[in-house]
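*Asks:* Spelled out, the chains give:
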Amino acid sequence: MPKITFIKVDGERVETDAKVGNTVMEVAKELDLPMLAACGGALACATCQVVVDEEWYEKTGEVSEDEEDLLDTAHDLTPTSRLCCQIPITDDLDGLVVSLTPMG
Amino acid sequence: MTKQTTHTTDVAIIGAGPVGLFSVFQCGMLKMSTHVIDALPATGGQCTALYPEKPIFDIPASPNITGADLIERLEEQIKPFNPVFHLDQQVVALENQSGNWHLTTAAGLTVSAKAVIIAAGAGAFGPNKPPLADIEKYENKTVHYLIQNRELFRDQRIVIAGGGDSAVDWALALADIAAETYVVHRRERFRALPESVAQMHALAEQGKIELVIPYQLASLEGKGDQLSAVHVKTLKGEDRRLEADHLLSFFGLVNKLGPINDWGLDVHNGLIIVEPTTCATSVDGIFAVGDIAGYPHKLKLILSGFSEVAQAAHAAFRVVHPDEALHFEHSTSSGIPTL
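Residue numbers (numbering that gives the first Met the number 0), protein chains in the order written: chain Y, 0 to 103; chain G, 0 to 338.
Any given hint could be a false lead.
Below, simulated EDC-like cross-link-like pairs (lysine to aspartate or glutamate); rule was C-alpha separation at most 20 Å, straight line [stated by the list, open to error]:
{"no.": "1", "chain 1": "G", "residue 1": "Lys128", "chain 2": "G", "residue 2": "Glu220"}
{"no.": "2", "chain 1": "G", "residue 1": "Lys235", "chain 2": "Y", "residue 2": "Glu67"}
{"no.": "3", "chain 1": "G", "residue 1": "Lys235", "chain 2": "Y", "residue 2": "Asp75"}
{"no.": "4", "chain 1": "G", "residue 1": "Lys297", "chain 2": "Y", "residue 2": "Glu25"}
{"no.": "5", "chain 1": "G", "residue 1": "Lys128", "chain 2": "Y", "residue 2": "Asp75"}
{"no.": "6", "chain 1": "G", "residue 1": "Lys297", "chain 2": "Y", "residue 2": "Glu29"}
{"no.": "7", "chain 1": "G", "residue 1": "Lys128", "chain 2": "Y", "residue 2": "Glu67"}
{"no.": "8", "chain 1": "G", "residue 1": "Lys128", "chain 2": "Y", "residue 2": "Asp68"}
{"no.": "9", "chain 1": "Y", "residue 1": "Lys58", "chain 2": "Y", "residue 2": "Asp93"}
{"no.": "10", "chain 1": "G", "residue 1": "Lys235", "chain 2": "Y", "residue 2": "Glu54"}
{"no.": "11", "chain 1": "G", "residue 1": "Lys235", "chain 2": "Y", "residue 2": "Glu57"}
{"no.": "12", "chain 1": "G", "residue 1": "Lys297", "chain 2": "Y", "residue 2": "Asp31"}
{"no.": "13", "chain 1": "G", "residue 1": "Lys235", "chain 2": "Y", "residue 2": "Asp52"}
{"no.": "14", "chain 1": "G", "residue 1": "Lys232", "chain 2": "G", "residue 2": "Glu209"}
{"no.": "15", "chain 1": "G", "residue 1": "Lys232", "chain 2": "Y", "residue 2": "Glu67"}
{"no.": "16", "chain 1": "Y", "residue 1": "Lys2", "chain 2": "Y", "residue 2": "Glu57"}
{"no.": "17", "chain 1": "G", "residue 1": "Lys128", "chain 2": "G", "residue 2": "Asp168"}
{"no.": "18", "chain 1": "G", "residue 1": "Lys140", "chain 2": "G", "residue 2": "Asp244"}
{"no.": "19", "chain 1": "Y", "residue 1": "Lys2", "chain 2": "Y", "residue 2": "Glu25"}
{"no.": "20", "chain 1": "G", "residue 1": "Lys53", "chain 2": "Y", "residue 2": "Asp65"}
{"no.": "21", "chain 1": "G", "residue 1": "Lys136", "chain 2": "G", "residue 2": "Glu242"}
{"no.": "22", "chain 1": "G", "residue 1": "Lys207", "chain 2": "G", "residue 2": "Glu150"}
{"no.": "23", "chain 1": "Y", "residue 1": "Lys28", "chain 2": "G", "residue 2": "Asp265"}
Non-contacting residues of chain G with respect to chain Y, defined by C-beta distances greater than 10 Å in every case (computed) [said to hold, decoys possible]:
{"no.": "24", "residue": "Ala48"}
{"no.": "25", "residue": "Ile58"}
{"no.": "26", "residue": "Ala60"}
{"no.": "27", "residue": "Ser303"}
In short, the hints are calculated from the structure, not lab data. Small disclaimer: the values here were computed from a predicted structure and weren't measured. Just so it is clear, CB atoms sit at the ideal spot from N, CA and C, and this is done for glycine as well.
Sequences and hints are given; from them, build the entire structure.
*Replies:* Structure, rendered in structure tokens:
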């Protein structure tokens with residue numbers, strides 16, 4: 000299973016084995032990490048915002064226009080900010096590192 | 000507010016979405032009276048506010064029902080129990096006064112109840128505020144999330160932030176009266192009516208407004224509640240200082256727990272933690288049901304909310320009537336009781 004590392008706001012690193020087919024948001028919620036993900040992955044909010052490690056950004060795939068629209072309502076964006084409900088886990092993402100953002 | 004009104008009831012229900020409405024039913028079946036309070040002006044919560052026309056497929060015995068129809072049917076189902084609604088007013092305070100819960104709303108109303116069921120969904124709707132240091136001190140004076148009087152901006156230097164309809168519409172509406180109009184957005188594309196976006200670009204070409212793209216808000220500068228400049232930056236770290244008297248921030252609405260965070264309840268990742276067989280929160284006499292209630296493997300379904308309400312109503316009965324016998328009855332035996 001692909002390994003994914005979450006970096007919490009306080010710097011703590013949480014590494015886990017993730018199932019292919021889940022999204023990064025689902026993995027974070029399963030681990031009960033501090034993330035609202037209020038709409039549960041319906042692309043209706045921006046509360047699962049993460050910053051993808053620069054090395055991995057390209058591999059997380061294209062950002063859809065709907066995701067861009069929701070990122071418009073997010074704050075403190077970086078060049079590699081994503082909504083992690085829109086990142087499906089694949090074998091290519093083995094080693095992925097994402098940083099969590101503060102909960103509103 | 001004109002006068003202080005206090006209502007007394009067995010159970011106060013916070014939230015008039017589908018799960019809040021069904022709380023009236025389950026309490027009513029146990030002959031408990033209810034008052035329902037909601038921040039929105041209409042019943043139905045997200046079903047009414049966000050998806051009235053969308054079909055829902057997972058309500059038992061309703062293969063396909065719209066959000067609006069579901070709410071209409073729930074209202075019909077709870078009618079016999081004469082619930083009292085207090086809409087368009089958020090609950091701002093919840094205090095225990097000699098054994099009873101006193102809920103105070105933003106409209107100054109008080110409801111006194113023996114038990115409280117929180118069915119507040121994702122929380123009350125409010126403006127999505129940018130996380131800028133000290134923004135609160137400018138709010139409603141020189142930082143605005145809602146515009147009530149455009150004259151306020153005559154001959155003023157304004158920064159409009161956001162990329163949706165509100166940002167574009169207000170840029171068009173204020174360009175002529177404001178001294179300077181800046182529109183700050185993080186990318187070229189705007190999520191707004193194409194004709195309006197075209198008009199905005201035309202105004203920009205005429206020099207009537209300035210599009211500050213691709214920038215995000217970075218910080219505010221000012222004295223007291225008077226803004227003097229808005230600092231913005233690009234993803235590459237380029238800074239600009241826009242001298243401004245007002246910031247109009249349009250990032251849409253978000254759900255916030257708001258005051259619920261201050262009631263001493265065990266809250267985790269935006270959910271009120273409950274014991275799932277009773278939906279009891281960490282505070283005696285307060286129950287939470289529906290999307291706002293959290294426990295292991297929780298499914299945020301209307302279906303689950305309905306079941307939680309039945310559990311919560313039976314548990315609340317023991318709080319409302321501690322000395323009375325509680326009988327479990329099927330509705331086929333009991334019928335619809337009169338209150």
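*Asks:* Next, verify each hint and record whether it holds.
*Replies:* Quick rundown of the hints versus the structure:
{"no.": "1", "hint": "Lys128/G - Glu220/G", "verdict": "17 Å, holds"}
{"no.": "2", "hint": "Lys235/G - Glu67/Y", "verdict": "18 Å, holds"}
{"no.": "3", "hint": "Lys235/G - Asp75/Y", "verdict": "13 Å, holds"}
{"no.": "4", "hint": "Lys297/G - Glu25/Y", "verdict": "13 Å, holds"}
{"no.": "5", "hint": "Lys128/G - Asp75/Y", "verdict": "12 Å, holds"}
{"no.": "6", "hint": "Lys297/G - Glu29/Y", "verdict": "11 Å, holds"}
{"no.": "7", "hint": "Lys128/G - Glu67/Y", "verdict": "19 Å, holds"}
{"no.": "8", "hint": "Lys128/G - Asp68/Y", "verdict": "17 Å, holds"}
{"no.": "9", "hint": "Lys58/Y - Asp93/Y", "verdict": "10 Å, holds"}
{"no.": "10", "hint": "Lys235/G - Glu54/Y", "verdict": "17 Å, holds"}
{"no.": "11", "hint": "Lys235/G - Glu57/Y", "verdict": "18 Å, holds"}
{"no.": "12", "hint": "Lys297/G - Asp31/Y", "verdict": "12 Å, holds"}
{"no.": "13", "hint": "Lys235/G - Asp52/Y", "verdict": "16 Å, holds"}
{"no.": "14", "hint": "Lys232/G - Glu209/G", "verdict": "15 Å, holds"}
{"no.": "15", "hint": "Lys232/G - Glu67/Y", "verdict": "18 Å, holds"}
{"no.": "16", "hint": "Lys2/Y - Glu57/Y", "verdict": "17 Å, holds"}
{"no.": "17", "hint": "Lys128/G - Asp168/G", "verdict": "19 Å, holds"}
{"no.": "18", "hint": "Lys140/G - Asp244/G", "verdict": "10 Å, holds"}
{"no.": "19", "hint": "Lys2/Y - Glu25/Y", "verdict": "14 Å, holds"}
{"no.": "20", "hint": "Lys53/G - Asp65/Y", "verdict": "19 Å, holds"}
{"no.": "21", "hint": "Lys136/G - Glu242/G", "verdict": "18 Å, holds"}
{"no.": "22", "hint": "Lys207/G - Glu150/G", "verdict": "18 Å, holds"}
{"no.": "23", "hint": "Lys28/Y - Asp265/G", "verdict": "18 Å, holds"}
{"no.": "24", "hint": "Ala48", "verdict": "12 Å, holds"}
{"no.": "25", "hint": "Ile58", "verdict": "17 Å, holds"}
{"no.": "26", "hint": "Ala60", "verdict": "24 Å, holds"}
{"no.": "27", "hint": "Ser303", "verdict": "12 Å, holds"}
In this structure, none of the earlier numbered hints is contradicted; all agree with it.
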